[in-house]
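Residue numbers (UniProt numbering), protein chains in the order written: chain Y, 1 to 473; chain P, 1 to 473; chain G, 1 to 473; chain X, 1 to 473.
By construction, these hints were calculated from the structure, which means they are not laboratory data.
All values derive from a computational prediction rather than experimental measurement.
Incorrect hints may appear among the rest.
Given that identical chains are not distinguished, each listed pair holds provided it fits within a single copy or across any two copies.
[To be verified] Taking lysine-lysine pairs in the BS3-like style, the calculated list, with each CA pair at most 25 angstroms apart, reads:
1) LYS445 <-> LYS80
2) LYS445 <-> LYS82
3) LYS433 <-> LYS443
4) LYS268 <-> LYS82
5) LYS430 <-> LYS82
6) LYS433 <-> LYS214
7) LYS451 <-> LYS241
8) LYS78 <-> LYS183
9) LYS443 <-> LYS241
So you can see what is in the structure, the chains are spelled out below.
4 protein chains.
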Amino acid sequence: MTSSPCLVNSPNGHIPASQRIPAIARPFVSPRALKTLDAVEKFVEEECIPADAVYNQALGETTQERFSAHPQIMEDLKAKAKQLGLWNMFLPRNHFANEGAGYSNLEYGIMAEYLGRSLTASEATNCAAPDTGNMEVFAKYGTEEQKKKWLRPLLDGEIRSGFLMTEPQVASSDATNIELSMKEDGDYFVLNGQKWWASGVGDLRTKVFLVMGKSDPTNANKYKQQTVIAVSSDTPGITIKRMLSVLGYDDAPHGHGHVYFDNVRVHKSNVILGEGRGFEVVQGRLGPGRIHHAMRSVGAAEKALEYFLARVNDPRKRPFGKQLSEHGIMLERIARSRIEIDAARLAVLNAAIMIDQGDAKHALKEIAEVKVQVPRMLQEIVDRAIQAYGAGGVSQDFPLANMASGARTMRIVDGPDEVHMLQLGRNENKRGKALLSKIEAQKQKTQALLKQYDMEEKDILQLDRRSGPSSKL
Amino acid sequence: MTSSPCLVNSPNGHIPASQRIPAIARPFVSPRALKTLDAVEKFVEEECIPADAVYNQALGETTQERFSAHPQIMEDLKAKAKQLGLWNMFLPRNHFANEGAGYSNLEYGIMAEYLGRSLTASEATNCAAPDTGNMEVFAKYGTEEQKKKWLRPLLDGEIRSGFLMTEPQVASSDATNIELSMKEDGDYFVLNGQKWWASGVGDLRTKVFLVMGKSDPTNANKYKQQTVIAVSSDTPGITIKRMLSVLGYDDAPHGHGHVYFDNVRVHKSNVILGEGRGFEVVQGRLGPGRIHHAMRSVGAAEKALEYFLARVNDPRKRPFGKQLSEHGIMLERIARSRIEIDAARLAVLNAAIMIDQGDAKHALKEIAEVKVQVPRMLQEIVDRAIQAYGAGGVSQDFPLANMASGARTMRIVDGPDEVHMLQLGRNENKRGKALLSKIEAQKQKTQALLKQYDMEEKDILQLDRRSGPSSKL
Amino acid sequence: MTSSPCLVNSPNGHIPASQRIPAIARPFVSPRALKTLDAVEKFVEEECIPADAVYNQALGETTQERFSAHPQIMEDLKAKAKQLGLWNMFLPRNHFANEGAGYSNLEYGIMAEYLGRSLTASEATNCAAPDTGNMEVFAKYGTEEQKKKWLRPLLDGEIRSGFLMTEPQVASSDATNIELSMKEDGDYFVLNGQKWWASGVGDLRTKVFLVMGKSDPTNANKYKQQTVIAVSSDTPGITIKRMLSVLGYDDAPHGHGHVYFDNVRVHKSNVILGEGRGFEVVQGRLGPGRIHHAMRSVGAAEKALEYFLARVNDPRKRPFGKQLSEHGIMLERIARSRIEIDAARLAVLNAAIMIDQGDAKHALKEIAEVKVQVPRMLQEIVDRAIQAYGAGGVSQDFPLANMASGARTMRIVDGPDEVHMLQLGRNENKRGKALLSKIEAQKQKTQALLKQYDMEEKDILQLDRRSGPSSKL
Amino acid sequence: MTSSPCLVNSPNGHIPASQRIPAIARPFVSPRALKTLDAVEKFVEEECIPADAVYNQALGETTQERFSAHPQIMEDLKAKAKQLGLWNMFLPRNHFANEGAGYSNLEYGIMAEYLGRSLTASEATNCAAPDTGNMEVFAKYGTEEQKKKWLRPLLDGEIRSGFLMTEPQVASSDATNIELSMKEDGDYFVLNGQKWWASGVGDLRTKVFLVMGKSDPTNANKYKQQTVIAVSSDTPGITIKRMLSVLGYDDAPHGHGHVYFDNVRVHKSNVILGEGRGFEVVQGRLGPGRIHHAMRSVGAAEKALEYFLARVNDPRKRPFGKQLSEHGIMLERIARSRIEIDAARLAVLNAAIMIDQGDAKHALKEIAEVKVQVPRMLQEIVDRAIQAYGAGGVSQDFPLANMASGARTMRIVDGPDEVHMLQLGRNENKRGKALLSKIEAQKQKTQALLKQYDMEEKDILQLDRRSGPSSKL
């Protein structure tokens, strides 16, 4: 790496990431994290981003090729990242002092922003979904045997994993609708049903799936009917029926699978946390993951803005005799983007701190806010950048088209915006009755004050119309 | 076709297209066009839309396959369309009484709305870009020889054509920037340079390219430097370097090519209209094409709304115990979409009438308005429909994801929104000085009236503060 | 008037209104209406707009003054308008051949656009709300006695009228909630209750109120419980408790009153149409009124855009050394405004034609669309114009601040947007089930076609993962 | 105050302000400030808000009355505030340890949020503009004599002050345009010219104006031509020509004046900081003021949201048989408002910290961001709340209409959005060239990697078309 062109600490006045943290977040970042942050930025800009296009081309063209590929460049990046100590930063130190790299959610958040600029960086540092959430699950709830079998190789980046929750036939944004059947048969569960948007199942290296099913469909408590179980990917009866595309992209080799379960037998020792505790497993998993997504989205937005800025300064692009950067409309969009990204970042960091100071449950409101705010922001900013590029912007020549697909999809992943809005709205609405009372009490006090200050109660606007209006005409 | 399920005139109360034309447009539509319109609707809904997925699957998977394919189902659709008299409706009767089907731009517009609902319908009725524009060019400006060689087989749907204008190295939204060199060499022009976003070049059936180049680079009038020439697609020296993707889609088999010209010799008899008249050729081509795009977009938006409506009534999708159609937020988006589509349609139809009553030049303002309004509308409405589908919406299971790509791209095709906005803004701004004078004259008249009605000129709000304000404290 | 500066037909190239009608609307406008239209434009620009500020200043300052004033300039304008034949243009010829000026709703619509540019023009031409709607009611449903007593002087501009429907204690956007009690007592109704937003009651010249009350509260049909009755404004028991302001403006002298009814006795001969038919009366009244509002709003938007254009060409306003019109952001907003106004106008005109070809019921969808689309458009455009003026824009020095108040309020008047959106959404949603069936049928046909064309049914994306994925690592 | 109904610490579960500070801001707030914050909330909710309507009514009706009034209730509120130690919190402790209450900008910011909920609270705690900025100026730059004469009584709330910068004839958003002439005449300056939007001049208690004029018009450095001078409000030659209204509101008694200077002689001892240093004076004044405005706006937005929440829970408002809070569209707007307010607050607090850690210059970007983001947020949220109230929302019955006026105006005050956007955009654009280089370098590294990994350079999409495309047809 010593021979890399020094892109980020160049003499062109680049200010390192550690010095660009919002002032309000600084008290929460340790000197060690600051140092790592700068290393992450350098690794992403100098190693990962140049590798992105190489990795993508190495995947090949047909579906069969693309979901069987495992380009060598990824292993080389992983080796570099490990050597630099950029590995497993996502596991927060308050809960996973031993397994992870020892950073807080906030500290990892500001690093994830840089990972979000590259297609390859998250996997290269072993911080890629759905492995991150799955590792958290194993670390938190796994038996020693499960940890040995799955967590260890995941932490080492030797295998990958899938997460299977959503189902095609039901409205999965409401997880109580989930139907995949888990029937007991002695020491085994027998699984039957379908999953889709099964993230990670496309990859040949994926060895384990976390699957949520309905093990106790008649339980009176509808949040106790589900169980999560770890399923070895080579268990008979599992068929990856097809891979789903996302606005034209296949996200190979990891991808999003439509998976059929046909009498898949899994030993009960693979149950996570306990039968009937599937909801608990899944909910603990979501909070930090949303923060990771959100901070990567902030990073992606910064990258889109950088491309935008580069374009308007491209000396070859001078429509109507003026550099694009001299068109006021472009500067206005850049300014708006700057404002929106900075606002989004603060919201995510605040949510991360809330998680650090308690847990994801503690930060429900903040996470929901971020879940709505950030993807919309990213979609908007990528869209603006594309527009500045004209036709080039929608083509494969720039990363923006692919980013647009991811950005749009973020508004749906982990529950569409509307679900989070509804939850936020209902939560706020709880204050409604108390506020009605407060405002009423304030009005009464106003009446008392009017009396106290001897101000006539009559409405000063009252008109007398009884005395012949016609007389005036 | 008699065995087709009757989708559009079914007893479920479907009102045929001819009866859903906006009241304000009716005086402009002949009874014959009304009848054709209903036939188009029926053909699109019952034949083309079901064929869309078949056609797409038949194209294959690799680039090489997809750009060499020519699925039989398309020829079968074309045969049906011809038999139904649904052929070449795009050629307006006022200019092309002989070549086309004899409809006005407005009449074709309301038909194009239905073509826009399907991937296959435009080609099936020989109304697909860029052939439509190219046929207009040949019909309007072509020599007899050119017509015989290119126009006839195009009108018959036997060959296809490409249009090559945009270049990768310059800001092509300003067409004076175009650089492809055309040097005279006896009776020939020798072409050197690159084109991209060359629509139609991917297709094996494409036999002719219309190419704009710079034949007279030192002409003092920068609108006289260009020439358009018809180039046989198998002329030596032409290389299709690669096909460009559009937000993840390749639009095969027609596609968007990046094409190199390396000493391509073309006989001067292929020049269109005349040397140095390239601008004239190109400009006449754009107006109606924009109307076609716009009306197809209106149709696409209607289709997206139909999918939206179908989804919120899907009995299996009941998040939180309520049908989606019972969620007020969904109804509000549906209503908003209804308003926006209807407004857009009126704008396009009005522009079409302007073209019918004069020509595209006559309708510059109206076309520019439509060019900006319609793609944004479509993008928004497709986006809303996708959101109602959740993850399914971005997948290949519904046409919405593909439509999103097309919708977004429409904001760039034929010049990005900003170019049209700038042109519209400048045009409006011409009135500025006259308006400043008018407002000034109105103010002076107000002064005269105040005097006439004996109203004091003093400002009634004037305050006297000189007499010791302190005295009041 | 011969001495007026010729503002609108000046040699600066002004194109008269009759030549700026959208092409699509022309078949619906008679030569007589075209001539009147130009006369309206001239009257508004040269007489009314200069009079606006004079009229406003003549009203005085205190509430008592402002709601007792009746400036002479208004009577002078009315005299001029009558002389020019610009009187009662609002009464559509298909229903009121005798009473009105003989124009269609569409023809009056394009005139109303010009009236909407001035504070005084509507009243000056006897086309001001709520008199217009009230005159329609009397003309359509009134007895001969009622016509003689109220309609005649209203048509002659000798008296004014009020319309009293909304009540402060209930959600009046749903008119079945209305509570003002009408108890029979022999030949009389006795009215008790409150009304607010009683338009027109502030004016001393207002002689009659149309009041909707609940006369039959126990009727099983909740649309038969209401009666509309004409009440002489000097009937004992009526108190105008206060006048309501609208975002800081009092809209004097007509205004919006909060009115108390305390045992107000009204003879039954004043009932309109019949007891229990209040809904019928009120609903017939609303449609055309919404079109009038909408077209005036289009005119107001044009005026705001004219002020915008004048400002950016003001030679004294050169922030940062550039004329405002050279700032791209300003031109972009002007272009956007142009697009939005033109789209709104077409929507209103189309709705007007629907009414002309049937009645308001026939045009429910179109009216609801316009009711939502137009006020938002106006609010947005006035807001942009204000921004171009900076602080001046919010002050009394330009008409924009006052227009902003009216524009915002339009989104609430005659039912807030949300009510119309809900109605539109529900109406569209009726198609949902049929569309679900259609799409299902199309999918089935696709399956049949795949079979017919011998295309394998297998999903080409299927992956085989059972054969040891680990072997590849 | 002991008898006040306890509105904010009631048993209905109200969480005090100190516990609702965003987690990310907590490290910056001292225990003392937390205590004061709760006292501010209590004072505002229980004393000021009930007093708002009383104060407004006490002002009277005519301009003359309203700008001469000084209601006793304000002095009573001031006495209470002083007694509670809620006085002069705005003066930041790092620069004004002696003069102020000893809080940081951030600490005052979170208090100002509560002041922003009331019309009277800012003045009641001596934290009202323009006095705050003027006191900062005197404290920072004033001579001992100036401090004694003006600062002391301002700090004690005995007098008020005006700030006069904007001029009607020029584009004042660019302050170099300012023209008011200051000619030397011995020990005096003689002032001639006009000012408008002169905040504070309406009030009878205003004793001093800070006036910016042009003292050295020929200075080569256009930022050295201006001088700020303190002018006693009773100096001969000053005429308050009229008061300007703001979207229909007069903001009496403080107001916005149009002031004429006619040979106004002011002794040079009144010059602030020094001749030619006017820009310096003015610029230091603006940063914190923008933060104050912004935090008050956040508070106003919270208040609007509270009114919104109260309304949707009003049991009397049930359009179409459903409580407004059961309408999904209302919950969605509430959620959106929650997200936007919380995001805005974080942005302001971060900017405040930047100022605390340096000065306003240090925080230019952050202040500009907030200046654009916050007023738009407020305008939007007030608008939504108004819509939930229907017609009531635009009337004088709720504080929302008045808030709408203030919110809109905020987008213009201290420079319209566009000026800040332009500045932000240009600032960002400085990075453009470096980013272009970085992206270019990354592309080159990609090329090197392709070579290193032995991946063919050929474009995999290349098509061969030279071999007879016709053969396929």
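Practice task
Run the structure past the numbered hints and jot down the numbers of the failing ones, going up.
Solution key: 4, 5, 6, 8
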